[in-house]
Structure formats: structure tokens, C-alpha cells
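*Asks:* This is what each chain is made of:
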Amino acid sequence: MSQTSGKGSDYESSLKDSDSSVAVFTQKAKSPLGFAQHFLHGNPTMVPVIVLLLSIIVFGIISPNFFSPFNLSLIMQQVAIVGILAAAQSLVILTAGIDLSVAAVMVMISVIMGRLSVEFGLPVPIAIGFGLVCGCATGFLNGLLVTKVKLPPFITTLGTWNIFLALNYYLSGRETIRSQTLDAEAPLLKLFGERFNLGGAVLTWGVVLMIVIFFALWFVLNRTAFGRHVYAIGDDKEAAELSGIRTDRTLVGVYMLSGFIVAIAAWASIGRVGSISPTSFFEANLESITAVVIGGISLFGGRGSILGPLIGAIIVGVFNSGLRLAGVDVLWQLFATGWLIIIAVAIDQWIRKISA
Amino acid sequence: MSARPTPVLSARNLVKRYGRVTAINEADFDLYPGEILAVIGDNGAGKSSLIKAVSGAVVPDEGEVKLNGEPIRFNSPIEAREAGIETVYQQLALSPALSIADNMFLGREIRKKGFLGKYLRMLDRPAMEKIAREKLSELGLMTIQNISQAVETLSGGQRQGVAVARAAAFGSKVIILDEPTAALGVKESRKVLELIQDVRSRGMPIVLISHNMPHVFEVADRIHIHRLGRRLCVIDPKKASMNDAVALMTGAKQPDPALEAA
Numbered sequence: 005m006s007q008t009s010g011k012g013s014d015y016e017s018s019l020k021d022s023d024s025s026v027a028v029f030t031q032k033a034k035s036p037l038g039f040a041q042h043f044l045h046g047n048p049t050m051v052p053v054i055v056l057l058l059s060i061i062v063f064g065i066i067s068p069n070f071f072s073p074f075n076l077s078l079i080m081q082q083v084a085i086v087g088i089l090a091a092a093q094s095l096v097i098l099t100a101g102i103d104l105s106v107a108a109v110m111v112m113i114s115v116i117m118g119r120l121s122v123e124f125g126l127p128v129p130i131a132i133g134f135g136l137v138c139g140c141a142t143g144f145l146n147g148l149l150v151t152k153v154k155l156p157p158f159i160t161t162l163g164t165w166n167i168f169l170a171l172n173y174y175l176s177g178r179e180t181i182r183s184q185t186l187d188a189e190a191p192l193l194k195l196f197g198e199r200f201n202l203g204g205a206v207l208t209w210g211v212v213l214m215i216v217i218f219f220a221l222w223f224v225l226n227r228t229a230f231g232r233h234v235y236a237i238g239d240d241k242e243a244a245e246l247s248g249i250r251t252d253r254t255l256v257g258v259y260m261l262s263g264f265i266v267a268i269a270a271w272a273s274i275g276r277v278g279s280i281s282p283t284s285f286f287e288a289n290l291e292s293i294t295a296v297v298i299g300g301i302s303l304f305g306g307r308g309s310i311l312g313p314l315i316g317a318i319i320v321g322v323f324n325s326g327l328r329l330a331g332v333d334v335l336w337q338l339f340a341t342g343w344l345i346i347i348a349v350a351i352d353q354w355i356r357k358i359s360a
Numbered sequence: 280m281s282a283r284p285t286p287v288l289s290a291r292n293l294v295k296r297y298g299r300v301t302a303i304n305e306a307d308f309d310l311y312p313g314e315i316l317a318v319i320g321d322n323g324a325g326k327s328s329l330i331k332a333v334s335g336a337v338v339p340d341e342g343e344v345k346l347n348g349e350p351i352r353f354n355s356p357i358e359a360r361e362a363g364i365e366t367v368y369q370q371l372a373l374s375p376a377l378s379i380a381d382n383m384f385l386g387r388e389i390r391k392k393g394f395l396g397k398y399l400r401m402l403d404r405p406a407m408e409k410i411a412r413e414k415l416s417e418l419g420l421m422t423i424q425n426i427s428q429a430v431e432t433l434s435g436g437q438r439q440g441v442a443v444a445r446a447a448a449f450g451s452k453v454i455i456l457d458e459p460t461a462a463l464g465v466k467e468s469r470k471v472l473e474l475i476q477d478v479r480s481r482g483m484p485i486v487l488i489s490h491n492m493p494h495v496f497e498v499a500d501r502i503h504i505h506r507l508g509r510r511l512c513v514i515d516p517k518k519a520s521m522n523d524a525v526a527l528m529t530g531a532k533q534p535d536p537a538l539e540a541a
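Residue numbers (this note's numbering), protein chains in the order written: chain A, 5 to 360; chain B, 280 to 541.
Source of the hints: derived by calculation from the structure; they are not laboratory data.
Heads up, a few of these hints could be off.
To be verified - Straight-line C-alpha distance at most 30 Å; calculated DSSO-like pairs for lysine-lysine:
no. : chain 1 : residue 1 : chain 2 : residue 2
1   : A       : K152      : A       : K241
2   : B       : K466      : B       : K414
3   : A       : K357      : B       : K466
4   : A       : K357      : A       : K241
5   : B       : K391      : B       : K409
6   : A       : K241      : B       : K452
7   : B       : K532      : B       : K518
8   : B       : K466      : B       : K518
9   : B       : K517      : B       : K452
10  : B       : K345      : B       : K518
11  : A       : K241      : B       : K414
12  : B       : K391      : A       : K241
13  : B       : K397      : A       : K241
14  : B       : K409      : A       : K241
15  : B       : K466      : B       : K409
16  : A       : K154      : A       : K241
17  : B       : K466      : B       : K391
18  : B       : K391      : B       : K345
As the list claims (entries may be wrong) - Computed list of chain A residues with no C-beta within reach of chain B, every gap over 12 Å:
no. : residue
19  : L57
20  : L148
21  : L207
Remember, it's a predicted structure, so these values are computed and weren't measured experimentally.
Here a beta-carbon is modelled for each residue, glycine too, at the ideal position from N, C-alpha and C.
Using the sequences plus the hints, can you model the full thing?
*Replies:* Structure below.
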């Protein structure tokens with residue numbers, strides 16, 4: 005106890021001759037695998053890009069019809085709706101959440117848009133506008149439950165999924181609005197199903213819409229403060245909060261933006277299907293999550309590029325189309341999608357194990 | 280005490296209870312202009328709670344906080360930050376996947392001028408990277424080569440450096456450092472201590488919470504000893520030894536007026 009501070013505390017004097025730089029980056033020689041790991045860590049979207057290119061080459065060799073403009077544009081048309089939903093889903097997954105309610109909300113909003121214009125005779129633009137507002141409102145509800153009531157996003161959206169599904173059946177009276185009725189009374193609702201020619205390929209406005217949404221989100225996520233905050237929250241919510249980010253406000257914003265995009269998807273889905281059915285798109289929920297995961301966005305949040313899910317959605321479309329053209333039974337499409345998901349997440353885990 | 284200038288940051292009779300646990304028990308706190316005040320105390324003495332109460336991370340149940348003599352009440356760390364109090368938390372509060380520049384400007388990004396910034400809310404990356412680079416070189420941290428590399432690729436000392444640089448760059452009145460050397464090696468600690476003294480030499484008062492007695496005695500002007508949720512005494516490191524400090528902190532010794540800081 006009686007020893008004074010002078011004796012033991014000058015251990016640092018022996019440091020004076022040591023190297024004074026705090027840390028220098030030494031470029032260690034990496035194995036090819038280590039190099040690939042680092043490259044993918046810096047460019048997470050490259051995994052889906054490589055998978056997409058490989059699958060296009062393989063299916064192009066197997067089935068000669070694969071490269072026809074007709075087939076390629078058909079793939080794009082088929083992935084448009086799930087692609088837009090995947091864009092909405094990505095936003096939520098980037099915050100380390102998940103939104104199970106996207107498909108139910110989409111169908112409900114399409115029913116709202118259809119019923120308001122057909123049965124209540126509202127001008128179609130007003131019906132669409134109301135649908136978009138409803139989309140934001142569903143997101144607001146999800147966001148409020150996640151931030152204020154502090155429920156896990158999985159539980160919140162599992163609940164609201166069922167609620168919106170029930171409302172959907174109630175609002176639609178379980179009845180389908182037929183294509184002819186829409187053509188006669190509200191053709192604007194089918195806008196995104198309309199086709200146009202682009203160098204021999206037939207595209208719909210829905211495909212254009214999907215691509216525009218992805219690039220708009222890319223801008224928001226990478227070039228605005230809001231976008232950086234979304235990544236920071238997904239990465240480490242507590243750190244984000246201590247850095248002075250209003251995390252609750254940002255999260256509610258994320259869910260509302262996601263709901264808004266889902267409502268746009270609802271409008272586009274009417275054009276794709278032609279009619280409005282309360283029982284359509286039953287699997288779109290999980291398909292959107294599939295596209296996000298295959299697109300290289302981490303389910304743990306904060307990592308991945310928004311353009312990944314666009315490619316992820318196209319990969320699923322390419323597999324389905326390629327296998328169908330090759331005359332393979334439908335069940336193998338599911339089989340292939342399953343392996344894609346598992347491999348995508350395994351690669352994500354491997355990339356995250358990187359040592360600095 | 281009467282001859283001293285007004286404290287930059289002070290607190291009187293702070294109380295914070297969590298259920299039956301009293302984390303802060305009528306604690307006082309004073310930080311004077313241009314000084315490094317070390318806050319030491321045993322584990323569970325309530326140092327962190329005290330610091331959180333004056334930095335807005337925790338809202339005290341009772342008591343008063345004054346900034347430059349004016350009563351003030353922070354309901355969130357953001358409010359404290361806006362008032363000029365920057366805190367570097369033990370867990371660093373950096374987002375690992377974001378770049379150094381992004382992290383330094385997290386929550387106070389600079390937008391581009393004109394249409395792009397105002398309506399599209401576009402960030403001014405070049406400006407933020409320029410300022411970040413300037414601040415880091417000012418503090419001698421430019422062994423970090425690439426300002427756009429992710430924070431998770433930095434060493435512990437470099438991360439701490441980024442966090443301190445962020446506080447130094449934006450703090451206008453007070454900088455609070457919670458265990459800045461706890462997770463660092465000997466050499467990295469030295470660098471951070473130099474950084475702290477460098478920041479003080481610009482006239483910025485600093486609150487340093489630490490368990491490391493040699494570090495505390497090396498840089499502190501006064502040492503606030505916290506015990507059982509309240510300020511036990513404030514000692515002068517020139518008069519008291521580390522053993523005195525440890526004895527006071529653990530209750531082995533009663534406060535001695537001879538050791539008190541002026």
C-alpha cells in the first residue's frame with residue numbers, strides 16, 4: 005500500500021525508441037480465395053451479377069429460344085411486380101427488419117383503388133392517390149409498432165399481414181373486379197400493363213417503373229443523409245442513436261416509404277394481372293424476400309446494395325424461364341430457388357467473416 | 280472555490296433512480312474552462328450514469344445542470360450536441376460499415392447547394408471528405424490513407440482517433456470521453472492521450488472518465504472521485520498520489536482537505 009506512484013508508472017518511458025506510427029496498413033499477400041473474399045466484401049453486388057451472367061450463359065446454351073427478345077422481355081415482365089416489392093422489402097431489411105406484410109398490403113391497395121374507381125365512381129387519379137396514401141398509412145402503422153411499441157419487425161408484420169389480409173377480403177367482398185369492367189370504367193389502372201416496342205423486344209411500363217424505382221432508391225440510399233442513416237441503423241442501432249440520428253423517425257420513414265412503394269406495386273400489379281383479385285399474389289411475400297436475399301442484402305441489416313435485389317429478382321425469373329424452356333418440371337424451379345437462397349446467405353456469412 | 284471562473288458545465292443534486300437502484304445520489308459536478316477533469320470511481324459507483332445525465336443520454340429525476348451558468352435540460356444526446364457538448368462513448372458510436380467521412384458527419388451531413396441539395400437532398404461528399412481529412416490531419420491521424428474506407432477496416436486506435444476527431448471537430452463547449460483508452464494497446468493509448476492534450480491546448484475543456492490511474496494522473500488537472508453515486512471529493516493530482524486516489528475511491532480513506540484541488 006505504501007509504494008508511491010513514481011516507481012511503477014513510468015513503464016511507458018521504455019517506449020520512446022519504438023516505432024511511433026500508430027498503425028500502418030501492410031498489404032499482406034492474399035490467397036486467391038482471400039482476394040475474392042475481400043473483393044466481394046467491397047463489392048457485395050458482384051455475387052448476384054456473376055450468378056446472373058452464369059445462369060444466362062448456361063440457359064442460353066441449353067435452350068436456344070432463351071435469347072429471343074420475346075423471352076427476355078417476358079422474363080422482365082414477370083419479375084416486375086415482385087421486383088418492385090423487393091425494392092420496398094430491401095429498405096426494411098437494410099434496417100435489420102423484415103416486412104411480411106408487403107404482399108397483403110399490395111393486394112389490399114389494388115382492391116381499394118379498383119373499388120373506389122369502379123363501384124364508388126371516384127375519378128381514377130383520386131382513387132390511385134388515395135391508394136398511395138393508404139400505402140403510406142400501412143407503413144406508418146408498421147413503423148409505429150416497431151419503434152414506439154418496440155415489437156420486433158417480424159412479429160409486427162406477421163400481425164399486420166393477417167390484419168391487412170382480412171381487411172382485403174372485407175373490402176373486396178371476396179369478389180374479383182373483371183378485366184372488361186376495368187377497361188370500360190378505369191383504364192388508367194391498367195397503365196403499367198401497356199406494352200411498347202423497344203428494338204424487337206416488347207416491354208411494359210411496369211418494367212420501366214421497376215427500374216426507375218430501383219435507381220431512385222439507389223440515389224436516396226447512397227446520396228442522401230436519410231440513406232446513410234438507414235445503413236447506420238441497420239448496422240448498429242445504438243451507435244446510430246448515440247451519433248445523433250433520430251432513429252425512430254428514420255425507421256418510421258423507412259416503413260412509410262416502403263408502404264408507398266408497395267402501393268405503387270399495387271397499381272402496377274393491376275396492369276400485370278389485368279383484373280383485381282383479392283386472392284392474387286399469395287406467394288409474392290416470400291418471393292420478395294427471396295429476391296432481396298439472392299441480391300446480396302444481408303438479413304442482419306446495414307449491408308448490401310439496393311441494386312442487388314433487382315438482379316436477384318431477375319435471377320429467379322431467369323431460372324424459372326430457363327428451366328421451363330428446357331422442359332423441366334415446375335417443381336425443379338422451386339428446388340433451384342431454394343438452393344439459390346441457401347447459397348446466397350452462405351456467401352453472405354462467409355463475406356462477413358472477413359478479417360480487417 | 281469562490282475565486283474561480285464560472286464552470287462551463289456544472290450539476291447540482293442530481294438524482295437518478297432505476298426502480299430501487301439509485302444510480303446517482305445527489306451528485307454534484309463542475310467542469311472549469313480549459314481544464315481536463317478526470318472522473319474516477321469504482322465499478323458501479325455511477326460514473327457513467329453521471330456523465331450520461333450531463334450529456335443528455337439520461338434524463339435525471341432531480342437536480343439541475345448548468346451550461347456556462349445557464350440552467351439547461353437535455354432530453355436527448357442530440358440536444359446536448361446542439362448545445363456544444365460532444366461525447367465519445369465507450370462503445371464508440373461509429374457505424375462499422377460506413378466510411379470514415381460518413382461516420383464523422385453522421386447525423387449532421389452537409390448537403391449540396393442549390394437544387395440538388397435543397398430538393399433532392401443530395402449530400403456534398405467532396406466537402407465532407409475534405410473537412411474530415413483536414414480534421415484528421417490536424418490531429419495527426421493521417422496514417423489513415425483513405426477517408427472513404429469503412430471504419431470496420433481500422434484498428435482500435437484508429438477508430439478511437441476517428442471518434443475523438445469527430446468530437447473535437449464539432450464540440451464547441453465540452454468534450455466528454457468515456458474510457459477512451461480502455462480497449463487500446465500501450466502505443467495506441469499514448470497517441471490518444473497526446474490527442475487529448477492537444478485538444479485541451481486549444482482551450483477546450485475535457486471530461487475524461489478512466490480506470491487507468493497513470494493516464495489520469497498524467498493528463499488531468501483535477502480529479503473528481505465518485506463514490507456510491509455521488510462526488511466524494513475533487514483532488515489535485517500534484518498533491519495526491521495514485522494510492523490516495525484508489526484509497527478514496529474504494530472507501531479505504533476519508534477525504535483529506537490537504538489533497539483537495541483548489
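*Asks:* Against this structure, judge whether each hint is valid.
*Replies:* Evaluated hints:
1. Our distance criterion of 30 Å between C-alpha atoms is met by A:K152 and A:K241, whose separation comes to about 15 Å.
2. At roughly 21 Å between alpha-carbon atoms, B:K466 and B:K414 fall within 30 Å of each other, so this suggested pair holds.
3. Proposed proximity of A:K357 and B:K466 is supported: the alpha carbons are some 27 Å apart, at most 30 Å.
4. The hinted pair formed by A:K357 and A:K241 meets the criterion: a straight-line CA distance of about 20 Å does not exceed 30 Å.
5. The hinted pair formed by B:K391 and B:K409 meets the criterion: a straight-line CA distance of about 14 Å does not exceed 30 Å.
6. Note on A:K241 and B:K452: the hinted pairing holds, with a Cα-Cα distance of about 27 Å set against a maximum of 30 Å.
7. A threshold of 30 Å between alpha carbons decides the hint, and for B:K532 with B:K518 the separation of about 16 Å falls inside it, so the pair holds.
8. For a cut-off of 30 Å, the pair hint linking B:K466 to B:K518 stands: about 28 Å separates their Cα positions.
9. Note on B:K517 and B:K452: the hinted pairing holds, with a Cα-Cα distance of about 26 Å set against a maximum of 30 Å.
10. Distance hint between B:K345 and B:K518 is fulfilled; the C-alpha atoms sit about 29 Å from each other, no more than 30 Å.
11. For the hint linking A:K241 to B:K414, the alpha-carbon distance of about 26 Å falls within 30 Å, and the restraint holds.
12. Among the hinted pairs, B:K391 with A:K241 is consistent with the structure: their alpha-carbon atoms are about 27 Å apart, no more than 30 Å.
13. The suggested pairing of B:K397 with A:K241 holds, with an alpha-carbon distance near 27 Å, which does not exceed 30 Å.
14. The straight-line distance between the Cα atoms of B:K409 and A:K241 is roughly 27 Å, inside the 30 Å bound, and the hint therefore holds.
15. At roughly 28 Å between alpha-carbon atoms, B:K466 and B:K409 fall within 30 Å of each other, so this suggested pair holds.
16. Between A:K154 and A:K241 the alpha-carbon distance is near 13 Å, which keeps this suggested pair within the 30 Å criterion.
17. Between B:K466 and B:K391 the alpha-carbon distance is near 39 Å, which puts this suggested pair outside the 30 Å criterion.
18. With a C-alpha separation of about 36 Å, the suggested pairing of B:K391 with B:K345 is violated against the 30 Å cut-off.
19. Chain B leaves A:L57 outside its interface by the beta-carbon criterion, the shortest separation being 26 Å against a cut-off of 12 Å.
20. The beta carbon of A:L148 sits about 19 Å from the closest Cβ of chain B, which is more than 12 Å, so the claim that it is off the interface holds.
21. A cut-off of 12 Å between C-beta atoms confirms that A:L207 is not in contact with chain B; the least separation is 27 Å.
Of the numbered hints stated above, those contradicted by the structure are hints 17 and 18, listed in ascending order.
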